[in-house]
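*Asks:* Fit chain S with the ligands to the supplied structure of chain Z, relying on the hints for placement.
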Amino acid sequence: MNGRLASEIVSLSLEHLTLVAITLGIAMAAAIPGAVLLARRAAARRWVLGFANIAQTIPSLALFGFLLPLPWIGGIGKRTAVIALCLYALLPILRNTLTGILGVDAGVRESAVAMGMTRRQILWQVELPLAVPSIVAGLRIATVTTIGTATIAAFIGAGGLGVFIVRGIAMMDKPQILAGAVPAAAMALLADEALEWIERKLSPA
Amino acid sequence: MSAHAIVEIRHLSCVLGGRTVLRDISLRVEEGETVVLLGRSGSGKTTLLKAVNGLTTPSAGEVWFEGRPAAQWDPIQLRRRMGYVIQDAGLFPHWTVAANVGLVPRLENWPPDRVAARVESLLEAVGLAPGEFRERYPRQLSGGQKQRVGIARALAADPPLLLLDEPFAALDPITRFELQRQFLHLRRTVRKTALFVTHDVREALMMASRVALLRDGALDLILTPEEFLAASTAEAKAFLASLEENWRQDERPPRI
Ligand SMILES: Nc1ncnc2c1ncn2[C@@H]1O[C@H](COP(=O)(O)OP(=O)(O)OP(=O)(O)O)[C@@H](O)[C@H]1O
Ligand SMILES: [Mg+2]
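Top to bottom, those sequences are chains Z and S.
The opening position of the first sequence corresponds to residue 0 in numbering that gives the first Met the number 0, with each subsequent residue numbered one higher.
The opening position of the second sequence corresponds to residue 0 in numbering that gives the first Met the number 0, with each subsequent residue numbered one higher.
Keep in mind that the hints were calculated from the coordinates and are not lab data.
Quick caveat, the model's predicted, so the values are computed rather than measured.
Even for Gly, the Cβ is constructed at its ideal location relative to N, Cα and C.
Don't take every hint at face value.
[Stated by the list, open to error] To spell it out: a stretch of chain S is covered by chain Z in this simulated footprint if at least three of its residues, at any positions, have a beta carbon under 8 Å from a beta carbon of chain Z; those stretches are:
#, stretch
1, 84 to 94
2, 101 to 108
[To be verified] Interface residues of chain S toward chain Z, partial, derived using beta-carbon atoms under 10 Å:
#, residue
3, L77
4, R78
5, R79
6, G149
7, L228
8, A229
Bound conformation, chain Z alone (with noise of 0.2 Å):
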């Protein structure tokens, strides 16, 4: 393997992860006080999971090609590749999360109502710390699918390891077409991995 080679992995590999990274901090943060949103709101809560289960089912393809003309949010580049892969990623945070918190074993939140704790007291001390091992189980699936659909985001030019395999098609290299699978490939076991290990060191034995 020539060096040029190495390192434009190297850069594509972390181009890859800033947008993985990216892309699980934004759905974090609209997944999670979204589904503390819902968990009191049990019609809403069924739209929004009906609208996400249908966005999941949207090839990727077809999803960057949709959002590539719209205002605003389309347009070739990172902004539209991020935007999509929030998309799928937002689904097994919400879900989770709702799972985790609407899991809390009855009797303990009407203990918690009891002992005179206010509601925000009971999502933060008792609700959400009983549902982190959900909630890093939702993360764990968001981060494995975001790294694999990152790889297609490079056909809007979003750069990352994808980089190599559009070019790899094009050329019909084969060798390129791994340079870029690969280490995409082993990004994903290893997050995998990472992830189950907190999520087994946060649930109760």
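*Replies:* For chain S with the ligands alone, kept in the frame of chain Z given last:
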């Protein structure tokens, strides 16, 4: 001077899921007094405690606490002035014993070292060696140990009223007797006011200033333990009969 009522329940009824669980209950608990709610399983004892605590909204009637109707209280303040020992403990699974016991003092913004000292002395008081139990999680405790943590938690902020829902039910007879005696001592020394739920007549007669007998969600009678021993309602007699039956069994163990 007439005694000061800490809790006054006025014509309270509760309908839950279409069933009348409590009907027209009136009851005063005066300062320093322990009123024991005695009744069969399903007679509405827990529901009555929940109504006092504001966990259950009455469908009729009202609860007064410290001279004011509960509706005029901030529910958070009201609950923090009532130490509640929940049936089956209701501990927070993600917190250690120390964190569980120190909850209300923390909510009341006590300084951490004062909370820690309070937790320490409460664990001692309920017979759990602090060094051994402080850092354990509820899942690492036996049923009776959980119950004692629940009792310590209810006492933590030294509330004027205690609500105790079968607090000694999961204990072995020796520990139970020990805690019953400690509770009586506590009542004499700091004049704790308490609503104490049990289905055990013997415990009721031991702990009570007055026994309130619940039958099918209605108050059958409310009497001092001495009066209760001579009570004539069918439900009281049924409970007293179970007491005699116990004594007879104590004298003459059943043959196998
Ligand atoms: N949320 C509810 N909805 C409908 N019925 C209820 C509800 N909560 C309690 N009940 C019913 O009300 C009755 C009284 O219940 P409660 O828990 O107060 O009984 P208890 O006297 O505490 O019994 P135990 O000694 O078994 O704890 C029971 O028949 C119970 O099934
Ligand atoms: Mg009960």
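*Asks:* How does the stretch 101 to 108 of chain S fare against chain Z when you require at least three residues with a CB closer than 8 Å, holds or violated?
*Replies:* holds (count 3)
*Asks:* May I ask you to test the interface hint for R79 of chain S with respect to chain Z, counting a Cβ-Cβ separation under 10 Å as satisfied?
*Replies:* Holds - the Cβ of R79 of chain S comes within 10 Å of chain Z, reaching about 4 Å at its closest.
*Asks:* Mind checking the CB of L228 of chain S against every CB in chain Z and telling me if the closest is under 10 Å?
*Replies:* Hint violated; L228 of chain S Cβ to chain Z Cβ min 34 Å, cut 10 Å.
*Asks:* Classify the hint on R78 of chain S as holds or violated, based on whether any CB of chain Z lies nearer than 10 Å to its CB.
*Replies:* holds, 4 Å
*Asks:* Does L77 of chain S hold up as a contact with chain Z if the rule is Cβ-Cβ below 10 Å?
*Replies:* With a closest approach of 8 Å, the L77 of chain S hint holds.
*Asks:* Can you verify the interface hint for A229 of chain S: is its Cβ closer than 10 Å to any Cβ in chain Z?
*Replies:* Interface hint status for A229 of chain S: violated (37 Å vs cutoff 10 Å).
*Asks:* Can the hint on G149 of chain S be confirmed by a CB-to-CB distance to chain Z that is less than 10 Å?
*Replies:* Hint on G149 of chain S: holds, closest Cβ of chain Z at ~9 Å, below 10 Å.
*Asks:* Within the stretch 84 to 94 of chain S, is the number of residues with a Cβ closer than 8 Å to a Cβ of chain Z three or more?
*Replies:* Satisfied; 7 residues make the cut.
Of the numbered hints listed earlier, those contradicted by the structure are 7, 8.
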